[in-house]
Amino acid sequence: MRVSIQNKLFLALTGLTLMVLAGVLYAVTTILAREIEKDVIAGFRNTQQIFREQQSLIYDRLVESSYLISENSTFKANVTLADPRSVNFSIDEYAAFTKVDLFVVTDKNGKVLGRLSEPEKYGDDLSVRSTVFEAMQGAEPDSVILWPELWGIAQNLFQVVSLPVYAGESIVGTLTLGTLFTSVEARSLKGAGNIDISIFYNDRIIGSTIGNELHRGIEDMARKNRTAIDTVLQFASPTPAFIDTLNGVAQFVFISPLGRGEKAYYIATVPAAEELTVLNTIRENIFYIAASFLLLTLLLAFFLGRTFSLPIQRLARGMEKVTAGHLDIRITPSTRDEIGTLTETFNEMIQGLRERLHLSKYVGRHTLDMVSGVATDEMALGGTRQELAVLFSDIRGFTAYSENRSPEEVIAMLNRYLGFQAEIVEQYDGSVDKFVGDEMFALFSGEQATERAVQCAFDIQERVKREHENDPVPIYIGIGINYGAVILGNMGAEKRMDYTALGATVNMGARLCGAAAAESVLLPKPLADSLKIPVKIKEVYLMAFKGFSEKIKIAEVARA
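295 is the number that full-length UniProt numbering gives to position 295 of the sequence shown; each next residue is one higher, with no gaps.
Everything labelled a hint here was simulated from the structure, so no lab data went into it. It is possible that some hints are incorrect.
[Stated by the list, open to error] Below are the BS3-like pairs computed for lysine-lysine, each with C-alpha atoms no more than 25 Å apart in a straight line:
1) K434 to K465
2) K551 to K538
3) K551 to K536
4) K76 to K38
5) K536 to K465
6) K111 to K76
7) K111 to K121
8) K525 to K546
9) K538 to K525
10) K99 to K121
11) K525 to K536
12) K224 to K190
13) K553 to K538
14) K38 to K8
15) K551 to K465
16) K321 to K8
17) K525 to K551
18) K553 to K532
19) K99 to K111
20) K121 to K76
21) K263 to K190
22) K536 to K553
23) K121 to K108
24) K525 to K553
25) K551 to K434
26) K99 to K224
27) K38 to K190
28) K99 to K76
[Claimed, not checked] Across the chosen pairs, the derived CB separations fall in these ranges:
29) R317 to Q427: 33 to 39 Å
30) Q427 to L18: 52 to 58 Å
31) F287 to E344: 44 to 50 Å
C-beta atoms are modelled at their ideal positions from N, C-alpha and C, and glycine is treated no differently.
Can you make the complete structure from the sequences, with help from the hints?
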């Protein structure tokens, strides 16, 4: 598809404006988005810090309560007796002021002696719990924790602290206190901020600040990010903030573990639209400004494009006419700038083309190819040795035809016969070297040069027969063909050259043409035998030629 100069200028200015505006929009958007992302990350980190502080407070309270209870002499005595009834009595007594959700006592082997609200359930082996096992070994709670210990019981999740119960120097049992994770913890973690918290245990929500209608969506988000969650739990490290969707709404998302010992984590989300409100407002303002600038640019581009393109369009129309073969055109320059200079140069070029067109009719195609292949200052006398096929044709009966006819009629006939011969030579990729009176000299080079020359000769003879239908007096042509080494190059003087072929091969071709009878095609017998196309050898002659010391076998050939 062709695009005019006016449209190109219009598109260029419009494109440049769009690029600048897009660059500004991109830069502003990128910078603000980066800052907003930093704010979101800071918010998530703050949430994580608040969560850890809450866990630390709960941990400290549980540790303090555990030590107070484990040091009580009555409690120690009941644990030492390993009597479930007495232990459950102590549990009910201390649970009233400790405000815990989980209260479990085991003997020194990890067997349950009593648990809060479930006095009938005792005897279970809790030594498989890491906190109980460590307490059985005498491990005390750390003063500071990175992640709390978790217990999952049925569908409930607890933050726990376990420690040994001593009677003198001996461990007589263990004590475990814990608090339950619920939506209360999620709401406390959210506080007055806009970050929603959803607490998961075994991939099921056990507490959340989002509405129940969104629970399925947040669970789908958890399933979709299963790989990230597995990494969070494996390395006990939260994810970076990323963007996901919740029921089709874009969200900034952050996933963090809850603690150790259970498959528990929380997902923090905040709608991206809330964070990007300022960015969207600025983007809209930029769009309005960009639209105004773009409109002005379009008007300016149209005006400039029309101003600059009119003289170029006139020049382009002139070039189209030249392409169509009209070399009589001339364009008057309308400006005094580079376009005006280009127009003058165009006129000079057309003048040169007219002259070259006229001159090209006087030389063969091989001469034009030679001239176009070398620089002007490289044109010099001399030639090169090449293998070529030469074809000479001569009109028979020309003298009889020209008698009693005007010169105009004779020239018309001669041009007609030489004209179709030249056309047939071109069809077989040959080149007419020159016309001498009623004789034509043509050259054939490249692969199967001789075969093409012979086929050309056959077509010429067939065309002559068709011409007889309109000729009052029959005109015939004799053709001679030869192949071999020739000297092809510039002959003559420095200021007047003729690019032609010379040598014995050329001389023999001319002699064969002179010896050829009307309608015959002659070439050396060895050359006829080497042809790669089927031909009919009508006659073989033994001929002597001027300039050749021995007689030569000559074959007269025709199309098979």
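A quick look at each hint next to the structure:
Between the alpha carbons of K434 and K465 the distance comes to roughly 24 Å, so the proposed pair stays at or under 25 Å and holds. Restraint check: the Cα-Cα separation between K551 and K538 comes to about 19 Å, which is no more than 25 Å; the hinted pair holds. Taken as a hint, the K551 and K536 pair is honoured in the structure, with Cα atoms around 23 Å apart against an allowance of 25 Å. Restraint check: the Cα-Cα separation between K76 and K38 comes to about 53 Å, which exceeds 25 Å; the hinted pair is violated.
Using a Cα cut-off of 25 Å, the hinted pair K536 and K465 holds, with the two alpha carbons roughly 19 Å apart. About 16 Å separates the Cα atoms of K111 and K76, which keeps this hinted pair within 25 Å; it holds. Between K111 and K121 the CA atoms are separated by roughly 11 Å; this keeps the pair inside 25 Å, and the hint holds. At roughly 18 Å between alpha-carbon atoms, K525 and K546 fall within 25 Å of each other, so this suggested pair holds.
In summary, the hint linking K538 to K525 is supported, as the alpha carbons are separated by about 11 Å, within the 25 Å threshold. Among the hinted pairs, K99 with K121 is consistent with the structure: their alpha-carbon atoms are about 21 Å apart, no more than 25 Å. For the proposed pair K525 and K536, the alpha carbon gap of about 12 Å is at most 25 Å, so the pair holds. Under the criterion of a C-alpha separation no larger than 25 Å, the hint pairing K224 with K190 is consistent with the structure, at around 24 Å.
Restraint check for K553 and K538: the C-alpha separation of about 13 Å stays at or below 25 Å, so the hint holds. Between K38 and K8 the alpha-carbon distance is near 43 Å, which puts this suggested pair outside the 25 Å criterion. At roughly 32 Å between alpha-carbon atoms, K551 and K465 are farther apart than 25 Å, so this suggested pair is violated. A C-alpha spacing of about 22 Å is found between K321 and K8, which places the hinted pair at or below 25 Å, so the restraint holds.
About 12 Å separates the Cα atoms of K525 and K551, which keeps this hinted pair within 25 Å; it holds. Between K553 and K532 the CA atoms are separated by roughly 19 Å; this keeps the pair inside 25 Å, and the hint holds. With a CA separation close to 24 Å, the supplied pair K99 and K111 stays within the 25 Å bound. A C-alpha spacing of about 20 Å is found between K121 and K76, which places the hinted pair at or below 25 Å, so the restraint holds.
Restraint check for K263 and K190: the C-alpha separation of about 22 Å stays at or below 25 Å, so the hint holds. Straight-line distance between C-alpha atoms of K536 and K553 comes to about 16 Å, which keeps the hinted pair within the 25 Å bound. Only pairs whose Cα atoms come within 25 Å are accepted, and K121 paired with K108 is accepted, the gap being roughly 17 Å. With a C-alpha separation of about 5 Å, the suggested pair K525 and K553 falls inside the 25 Å cut-off, and the hint holds.
Distance hint between K551 and K434 is unfulfilled; the C-alpha atoms sit about 29 Å from each other, more than 25 Å. Only pairs whose Cα atoms come within 25 Å are accepted, and K99 paired with K224 is rejected, the gap being roughly 38 Å. Distance restraint check for K38 and K190: the Cα-Cα separation of roughly 19 Å lies within the 25 Å cut-off, and the hinted pair is therefore satisfied. Our distance criterion of 25 Å between C-alpha atoms is met by K99 and K76, whose separation comes to about 20 Å.
A C-beta distance of roughly 35 Å is found between R317 and Q427, which places it inside the suggested range of 33 to 39 Å. At about 55 Å, the beta-carbon gap between Q427 and L18 stays in the expected band of 52 to 58 Å. As the Cβ distance of F287 to E344 is approximately 48 Å, the hint placing it in 44 to 50 Å holds.
Checked against the numbered hints listed earlier, the structure breaks hints 4, 14, 15, 25 and 26; every other hint is satisfied.
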